[in-house]
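K.L.:
Listed below are the residues making up each chain.
2 protein chains.
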Amino acid sequence: MAGIRDRVRAEYVAEITEVARRHLAERGAAGLSVRAVTRELGMAASAVYRYFPNRDALLTALIVAAYEGAGEAAREAESAVDRHDHVGRWIAVFRAVRAWALAHPHEYALIYGSPVPGYAAPRDTTEPATRVVLLLTRIAHDARRGPGLAPTDRPPVPAELRADLVARIERIAADMDPERAAMLTGAPPETALAVIDGWTALFGTVGFELFGHYDNIIDAREAHLEQVARTTARTVGLPGA
Amino acid sequence: MAGIRDRVRAEYVAEITEVARRHLAERGAAGLSVRAVTRELGMAASAVYRYFPNRDALLTALIVAAYEGAGEAAREAESAVDRHDHVGRWIAVFRAVRAWALAHPHEYALIYGSPVPGYAAPRDTTEPATRVVLLLTRIAHDARRGPGLAPTDRPPVPAELRADLVARIERIAADMDPERAAMLTGAPPETALAVIDGWTALFGTVGFELFGHYDNIIDAREAHLEQVARTTARTVGLPGA
DNA sequence: TCTAAAGCGAGAGCACTGTTCTCGCACAGA
DNA sequence: TCTGTGCGAGAACAGTGCTCTCGCTTTAGA
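Protein chains in written order, with this note's numbering: chain A, 7 to 247; chain B, 7 to 247.
Keep in mind that the hints were calculated from the coordinates and are not lab data.
Note that beta-carbon positions come from the ideal geometry of N, C-alpha and C, so glycine has one too.
Mixed in with the good hints there might be a few duds.
One side of the interface only, derived from the structure: several residues of chain A facing chain B at Cβ under 10 Å [claimed, not checked]:
| no. | residue |
| --- | --- |
| 1 | Val-40 |
| 2 | Thr-136 |
| 3 | Ile-202 |
| 4 | His-219 |
| 5 | Arg-240 |
All chains should be modelled from the sequences, with the hints used to inform the complete structure.
P.N.:
Next comes the structure, spelled out in structure tokens:
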């Protein structure tokens with residue numbers, strides 16, 4: 007039975023996380039101080055250790071929240087587009103991720119910049135981290151099942167990479183419900199690779215913009231990101247791209 | 007006149023930077039402590055402030071060193087390839103950057119992960135940061151001047167992005183010596199865009215590998231990066247890709 | 001060559017950090 | 001109603017970046 011104490015506890019965890027999230031948004035991960043968070047909440051610094059074992063655990067909670075925020079922004083934007091307009095859905099995901107990143111730069115940096123706590127991502131973060139790439143995979147899957155994917159002009163995939171992709175896809179699909187698994191196993195590895203590379207191009211481009219690597223090189227940031235979206239959509243073979 | 011004092015001073019700066027670089031490589035940017043550095047050098051913590059105004063300035067020196075290390079690794083690998091093998095040179099750059107990143111993960115994270123000091127990159131870092139993209143640009147330029155670039159299957163570049171690219175290229179070329187400027191102004195903006203996107207794909211892919219985003223998704227990392235190199239080389243239009 | 005100025009290293013000190021420990025208090029469950 | 005557990009507060013520790021002052025050394029100029 008979830009007693010009163012558990013309820014209060016969950017509320018406290020949420021409260022601490024929310025204040026920490028705001029501090030992160032304002033000052034960045036390096037400037038996130040558990041003492042400052044507790045100060046704002048009017049509690050002793052040591053009290054937070056009843057809820058989070060250490061600062062890294064607090065950061066991990068923020069990492070999960072950030073992945074969910076980005077994934078949710080992408081999902082929402084994509085779902086607003088006509089489901090038969092596959093290119094439109096693909097571009098919507100790109101736009102939404104960029105918009106989310108610009109609105110939450112520190113949270114973006116936390117999840118797609120240098121991993122700050124340690125090197126091994128905690129287990130809890132792996133599932134929300136895959137949301138966007140799964141969304142892109144679903145779009146490719148829908149296009150393949152519908153009008154079909156257009157032939158693409160890509161270098162042949164070497165055997166080693168091909169075998170690796172097939173093996174990985176099967177292992178991931180094995181842990182999924184059948185409906186989602188079919189989304190993965192149905193497509194040829196070339197398509198999976200194109201989706202992965204499109205996903206990488208999305209975050210690579212947004213990251214380069216956000217971290218200043220395009221300063222003095224590209225000014226039309228939005229137009230550029232959309233061009234990257236169109237180019238990767240064509241590489242995947244989305245019809246009409 | 008460069009007095010003895012200036013010489014000693016330069017040596018001290020180099021010594022501090024070197025120890026700091028080693029600490030960075032071992033413990034990462036977050037674990038870089040100026041006190042620890044001075045301790046190892048047997049000097050008082052306050053003494054370092056005679057050479058660097060603050061910790062961020064020390065980090066900036068390390069950022070410059072890291073950019074130079076990555077750029078030098080790329081340049082060296084590229085120069086070892088037959089200059090007429092444009093695809094080979096392109097792939098060599100990709101391989102070299104990845105190898106450097108794997109060998110220097112914390113330094114890679116410092117320059118291509120989240121910007122840790124502030125948001126505006128110090129002036130000194132902008133020049134070394136462009137080395138790799140300039141190298142890729144030169145390869146495309148050499149191919150265009152030699153056998154010519156193959157036609158590529160890309161979505162048309164919208165007018166806004168096109169105009170921005172042309173304007174940016176001219177502004178950058180205006181600050182260069184004529185020989186290097188020709189490398190930029192000669193090519194159509196489509197080629198420049200393909201090079202920029204290839205550069206982005208390179209660091210996006212390497213970053214995703216290094217920061218764990220490919221965990222459980224791609225295992226054949228080297229083969230994948232080379233596939234990305236081939237794909238981007240084809241998008242640029244390098245003959246034979 | 002002598003002197004004033006500038007550069008320098010050491011040390012103390014400040015305000016801050018994450019984290020641990022101990023102490024009472026309050027409350028949930030038997 | 002009693003008791004053990006969970007909890008918050010506060011002190012304490014080791015560490016951080018950084019500033020300031022104090023003498024000493026080296027430099028530059030008259």
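K.L.:
Please go over all the hints and tell whether each is borne out by the structure.
P.N.:
Here is what the structure says about each hint:
no., hint, result
1, Val-40, "violated (15 Å)"
2, Thr-136, "holds (8 Å)"
3, Ile-202, "holds (7 Å)"
4, His-219, "holds (7 Å)"
5, Arg-240, "holds (6 Å)"
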